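The listed protein sequences derive, respectively, from chains A and B. Each residue of the first sequence is one higher than the one before, counting from 1 in the UniProt record's numbering. Each residue of the second sequence is one higher than the one before, counting from 1 in the UniProt record's numbering.
In case anyone wonders, no lab produced these hints; they're calculated from the structure. Since we're looking at a predicted model, the values are computed, not measured. Heads up, some of the hints might be wrong.
Only pairs whose alpha carbons sit at most 27 Å apart, straight line, appear in this in silico DSSO-like list of lysine-lysine [stated by the list, open to error]:
#1 A/K64 / B/K101
#2 B/K59 / B/K222
#3 B/K222 / A/K64
#4 A/K64 / A/K92
#5 A/K326 / B/K101
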Amino acid sequence: MSVQTKGTDTAGKPAVRKARIPGPPAGEDRGSRSPSRRGAAAPYLLLLPALLATLVLLGWPLVKNGMLSFQNLNPRQLIQHLTEWNGADNYKEVLTGADFWHVVERSVVFTAINVVLIMVLGTLIGLLLARLGRKMRLLLMVGLVLAWAMPIVAATTVYQWLFAQRFGVVNWVLDKLGWHSMADYNWFGTQTSTFSVIILLIVWESVPFVAINLYAATTTISKELYEAASLDGAGAWKSFTSVTFPFLRPFLYATTFLEVIWVFKAFPQIFALNEGGPDHLTETLPIYAYVQGVGNQHFGVGAAISFLTIVVLLVITSYYLRMVLKQEEDEL
Amino acid sequence: MKRSLFGRIWPNATAVVLFAGFVFPVYWMFATAFKPTGDIISEDPVWFPANLTFSHFQKAVDADNFWTLVANSVTVTVCSVLLSLVIALFAAFALARLRFKGRRGLIVTFMLAQMAPWEVMIIAIYMIVRDADMLDSLVPLTVFYAVMVLPLTVLTLRGYVAAVPRELEESAMVDGCTRTQAFVKVIFPLLAPGLMATSLFGFITAWNEFPLVLILNKANDKQTLPLWLSQFQTAFGDDWGATMAASSLFALPILILFIFLQRKAVGGLTDGAVKG
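Working from the sequences, and respecting the hints, build out all of it.
Right, here's the structure in full:
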């Protein structure tokens, strides 16, 4: 998955883009021996601050979350600082309730739709970038970068304005295109339409990452491979499936995995747009945990939902996680 | 390989359409922010703001606590990025340059930490911060943001350290430098673009962070800009001019930083590679 930044005409995006992907183990120490042996503890000392910070500030909330999920924690207990253990009651309540499984299903479908759209469009646009001339590539790159750099909450307010019921430009365009019933349409009134806006927003802001990174990856494919393929009589499609795609596969795996995580955890997009409404119908798991836990002040129940959310996320990503772990072990 | 006229037109046409699609929301935000209200609430959209006004920006800036919140956001973002960079630099150096037992395991640990579900742990974090009596403070935000971006910073910086030719370091050590001196004098300057590119992610993450500040900092003067912006929108409702002006003010620093740092990062990187 080496997404290099050798191509200097990429206006610089990949150097940063690639950063989001766990880097390839490039330039390792093979063959060079440390000049002194006395620094055996040095690596551990150097790593200590980073590890300690991560373990404490990430591990502690995880453990705390586990503990809270077995507590009866409502405003009364919160204010009086009471610790009331109630065993698995929160989990029973959540798992036997009707809402939870709907939200799980919704989250999974929501994630799947977004990730498929992001990956397909991102890949196509990345390949398009590779085909374009210099000027057009720069133009499209600028567009992608601007979308990608837009802060999420700002993008959310802009989408609210684009899709505003009155004076929103989307409704105006739809009306002019002959879809007159849309002239005064309330996009945030139904589940499907609200989700449509959220999905458009997420896809719009996520595609640039995939597209630009994928383009950067294609620039590192050696020309000789294509020449060899064409000598063997491969057409455009054949050279894509036999050269481009195999080369990009590890990159596509890694990116899909990251997008699954990011989309699944998406919080501000949904919350700032309509707070999980209308009527709780666009609540995904993170929003559901927040609304139950903080909004309704059932903090223990919220913690149980949080824990289950993490479990669901692990299940969804387990295939890739196993692959990463196995790969790293093989290289030991 | 000759391409037909059609074959040359369609990629360019698609590129133009895509460009328009990606840029339009950003353009519409700025355009609306500068339009007089009459032009914003008009039956037909005013595509190009002919009569510019700064009154919406005035309104956003005059909103309660605006400058306090700008200061909060800047403080939290800058401090958390610096904190994570310093911590990550040590770790990145060890992971890229030294051989030791458990190295791969640690790399995997950072990869896994990168997918930490911060968004769903906010209740636990709230309890921890409350028990420490630090609600409505900027300190927990700074510390948590630093740790949020830490795994990514470590992994990215590791790539940049590994990209610096080992020979540079070795020749410095042949010239009598210790490993530490070689790092400070030779590698660190070459890492500057890498540090900038890496910090860009930290900036974006910390500047954008929403769920944590939503639950931890309720006091009006202890919030950060993303929370302010989401509430501004609610408070000002249909005043799209003011809302878009507020959004523009919030987005502008990141847009500028992004364009500026990107160039710098890659230029420096390739220069370094050539010189090396």
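Ascending list of hint numbers which this structure does not respect: 1
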